[in-house]
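Taken in sequence, the protein lines are chains A and B. With the numbering used here applied, the first sequence covers 8 to 230. With the numbering used here applied, the second sequence covers 95 to 322.
Derived by calculation from the structure, the hints in this document are not laboratory data. For each residue, glycine too, the CB sits at the ideal point set by N, CA and C. Don't take each hint at face value.
Claimed, not checked - Label-pair ranges, simulated between beta-carbon atoms: (1) A:R222 x B:S260: 27 to 37 Å; (2) B:G159 x A:P33: 47 to 57 Å; (3) A:L213 x B:A265: 48 to 58 Å.
As the list claims (entries may be wrong) - Negatives, chain A to chain B, calculated, CB over 10 Å: (4) W10; (5) Y67; (6) G79; (7) A127; (8) A128; (9) L146; (10) Y188; (11) S210.
Stated by the list, open to error - With the Cβ distance kept under 8 Å, some of the chain B side facing chain A (calculated, not the full set): (12) F106; (13) A145; (14) F188; (15) H190; (16) R202; (17) T248; (18) W277.
Chain by chain, the residues run as shown.
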Amino acid sequence: MNWQALALTAKLASLTSLVLMLISIPIALWLAFSPRRWKFFLEAVVGLPIVLPPTVIGLYLLMAFGSATALGQWYVRTVGSTLAFSFGGLVIASVLYSLPFAVNPIAAGFRSVDQKLIDAARTLGVRQFKIYWQIVLPLAWPALVTGMVLSFAHTVGEFGVVLMVGGNIPGVTRTLSIDIYDQVQSLNYSAANQTAVVLLVFSYALLCLVYGLNRRMFTFGGR
Amino acid sequence: MTALEVKLQKAFVPARERKFSLNAEFSAPAEVTVIFGPSGSGKTTILQCIAGLVKPDAGRIAIAGDAVFDSEKRVDLSPQQRRTGYVFQDLALFPHMTAADNVAFGVRVNGAERTRLVRDVLERFRISHVAGQKPGEISGGERQRVALARALVTQPKVLLLDEPFSALDDALKQAIITDLKAWLAQQSIPVLFVTHDRGEAEALGDRMLLLHEGQIEKQEHPSSIQIS
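Okay, chain B solo, but in the shape it has when bound (with noise of 0.2 Å):
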C-alpha cells in the first residue's frame, strides 16, 4: 500500500494571475518527498489540496489507503478528519499561548499522559527551555521547532511542510534538519517537502518531485535531477 497517493485537478482563482492550472498526479511512499519548483507553480496549493485546506475540482487524494477526497464518490474530509501535520512558511504559532500550549493545542489525550507526550516533544526539538514563552519572546530556530513540534505530536499519518526553513542561516536549517530526520526515522511516514532551495532538498529528500506550470515533470532523486 503506498502511503499517499495524490491526482488532483485545480484551476487557480483568479485565472488571470496564472495562465495554467494545477494537475498533479503522484504517489508518496513513506519517505521525504520534496516538491521542487518556482514560486507560483502550485506547490503550496497541492499540499493545502491534501490537508483539506483547499478543495480540488476533481481527483483522488487517499492517506494510508484511506479516501480523504474522491470528487467521483463525493468523500470530502474535513482538514479535522484527515490526520496531517502542517508546518506553514510562516509557521502560523498561535501568538497568544506559549510554545507548550502551542504544542499541546492539538494533543487528544488529557491529563498526565498530555504532559508527558508535550513534555517528551519539547524536549525531543530541544526546546523544553521555551515552553513558558510565547512565539514573539524566542528566537526564529526556535519558532520553527515549535511548529515542527506541534506537527508532530499529534501522529499524523503524513507530513506536511510548506518552505518552513526558508527564514534560517545554514547552520540552524541543519541542526534542525538533523532532529527532525531523527523523529522521522521512527515514524515511517510520507513527508511532503515544498522548497525552492537545492541544498534543502539534498539534505532531506529522498525523491524528488518537480513541479512546472502545474504539471510534476520529473520524478528523480534530489542530487541527480536536473533542473532547467
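With the rest of the complex left out, here is chain A (with noise of 0.2 Å):
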C-alpha cells in the first residue's frame, strides 16, 4: 500500500470537497429557485464534465493556464508556481471536474423543499437570505452531505484529468488512482489489487451512506 499516495488522494478529495460546497451551494440555490427561462444553459455547463473525456477538460485547463495566457501567467504571480504538474493544479481541476457531482444532488434537494414553506416565511417578511439559510438548507441538509460524499468519491476515483493535469510526481501529484496504474504498468498486480479493494471498500461504503441519506431526506420533515 502507498501510503503517501493514499494521504495525498485524502489531501485532495478534503480540499476539493470543501471548495465544491462553497461555490456549489449558491449554483444549485441559484439553479433551484432561479425563474429564468435560460438557466439550462448554466446546467448544462454544470454537466459536462459527466459527459466530457476527462482528457479534454485536462487539455482545456493546460491550455488556459498555460504560460503564454494572461490567466496562466496571473496564476504563476499568484501561486508562485505553474498550474501544470501542481498540487494546486489538481485541486483546480478536481473541483471542475467533479462540480455536477456536487451540485447536482444539492439543487435537487433544494427543489424538493415544499414551496409552500418558502411562501409562507416570504409572507412573513423574512428576507429572502434568510429563508435560505434557515428554511432551504436545514431542510435540504441530507442533500448537502450526499454533494459533498459524491464529490469526495468521485475526486478519489480520478484519473484521466490528475494524469493530464498533474502527471505522477511522488508527493504531489501521485494519486491511489495514478498508483495502481503505475503498479499495473510494472506487472506489480498484487501491490496493485491491495489499493484496489482499499478504493472499491471505501467506495462501496460511501454509496452505502449516499443512499442511506437519500432514503431519510424523502422521509423527513412533516407538519
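Starting from the two chains in their separate frames, assemble the complex, guided by the hints.
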C-alpha cells in the first residue's frame, strides 16, 4: 500500500469537497429557485464534466493556464508555480471535474423543499437570505451531505484529468488511481490489487451512506 | 379609507383545467370577509395575489390605502413588503423548528422584546405548553394555533385565512374561532377568510362574497346569503 499516495488522495479529495461546497451551494440555489428561462444553459455547463472525457477537460485547463496566456501568467504570479504538475492544479481540475456531482444533488435537494414553506416565510416578511439559511439549507441537509460525499468519492477515483494536469510526481500529484496504474504498468499486480481493494471498499461504503441519506431525505419532515 | 381594495384579472394556467379566468373586484373593511365558493372557483388565487405569491395579469390591489400591486403604474411589491398574515390550508409550519421558533421566525425585533412578543402570543393562543415542541409532535388543533400565532405576531395589515380549519372537528374549530375573534376585536384589520363550510362562514364572518367561476356574484351577510 502506497501510504504517501493515500494521504495525498485524501488531502486532494477533502480540499476539493470543501471548495465545491462553497461554490456549489450558491450555484444550486440559483438553479433551483431562479425563474430565468435560460438557466438550462448554466445547467448544461455544470453537467459537461459528466459527458466530456477527462482528457478534454485536462487539455483545456492546460491551454487556459499555459504560460502564454494572461490567466496562466496571473496564476504563476499569485500561486508561485505553474498549474501543470502542481497540487494546486490538481485541486482546480478536480473542482471542475466533480462540479456536477456536488451541484446536481444539492439543487435537487433544494427543489424538494416544499414551496409552501418558502411562501409562508416570504409572507412573514423574512429576507431571502434568511429563508435560504434557516429554511432551505436545514431541510435539504441530506442533499448537502450527498453532494459532499459524492464529490469526495469522485475525486478519489479520478484518473484522466489528474494524469493530464498533474502527471505522476510522488508526494505531489501521484494519487491512488495513478499509483494503481503505475503498479500495473510494472506488472506488480499484487500491490495494485491491495490498493484497488481499499478503493473498492471505501467507495462502496460511501455509496451506502449516500443511498441511506437519500432514504432519510424523502422521509424527513411532516407537519 | 377602505382597508383592502382588490381589482384583479388572472388567467388560470394551464387554461384547459378551468375554462374561465379570475375577474374579481371588491373592497373589504376592517372586519371578517368570507370568500365562499366551490373548489376551483379561484378563492385561493385571490389570496395568493393579495399576498404577492401570484402575480395578477392586470388590476390594482391596495392595502390600507397603499398600492401593493398596480399593473398600470407598474407597482408590484414583493410578499416581504406587503405585510400580510397568511395561514395556509396545510398550515406550512416549518417542520424542523419548535412552535416558539415558528412563531418567532417573522418577528422583526430582537432581544427581550422579541421574547416577550412571542411569549405573549403563545399565551394568547394557549400554546405555551408546546413552545419547545416541533409541529410533528403536537396535535392538529395546536398546530392550527401555532400557524395563527405565527401570522398574527408580525402585526399584519391584512390577515388571509385559506381554509385553515378544514381538518378540525367542530368543538376544536369553535374554540379556535373564539380565540381568533378575541384577537381580531383588538386589531382592526381586514380579514379574508376562504372557506366552503357554511358553519365556519357564519361563525367568523361579518360579510360574505360568493365566488363562482372567478366572478364575485353576491356580497351579503353570511346568514342571509342564498347559495344555489
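Is 48 to 58 Å respected by the C-beta to C-beta distance linking L213 of chain A and A265 of chain B? holds (53 Å)
Classify the hint on A145 of chain B as holds or violated, based on whether any CB of chain A lies nearer than 8 Å to its CB. holds (5 Å)
Is the hint on R202 of chain B kept, meaning its closest Cβ partner in chain A is under 8 Å away? holds (7 Å)
Would you settle whether the hint for W277 of chain B is holds or violated, based on the nearest Cβ-Cβ distance to chain A being less than 8 Å? Status violated, d = 17 Å.
Quick one: work out the minimum CB distance from L146 of chain A to chain B and report holds if it exceeds 10 Å, violated otherwise. Violated, because the least Cβ-Cβ distance between L146 of chain A and chain B comes to about 6 Å, which does not exceed 10 Å.
Grab the minimum beta-carbon distance between G79 of chain A and chain B and tell me whether it stays above 10 Å. holds (44 Å)
Hint says 47 to 57 Å; check whether the CB-CB distance for G159 of chain B and P33 of chain A agrees. violated (39 Å)
Verify that the Cβ of W10 of chain A lies farther than 10 Å from every Cβ atom of chain B, and report whether the claim holds or is violated. Since the minimum Cβ distance to chain B is about 42 Å, W10 of chain A lies beyond 10 Å and the statement holds.
Minimum C-beta separation from Y67 of chain A to chain B exceeding 10 Å: can you confirm that? Non-interface label on Y67 of chain A holds, nearest chain B Cβ at 41 Å vs cutoff 10 Å.
Nearest-CB test (10 Å) between chain B and S210 of chain A: holds (31 Å)
Taking 8 Å as the limit, does the beta-carbon of T248 of chain B come near enough to a beta-carbon in chain A? Holds. Min distance 6 Å.
A127 of chain A clear of chain B by more than 10 Å, beta carbon to beta carbon? About 4 Å separates A127 of chain A from the closest Cβ of chain B, which leaves it inside 10 Å; violated.
Of the hints listed earlier, those the structure fails to meet are numbers 2, 7, 8, 9, 12, 18, in rising order.
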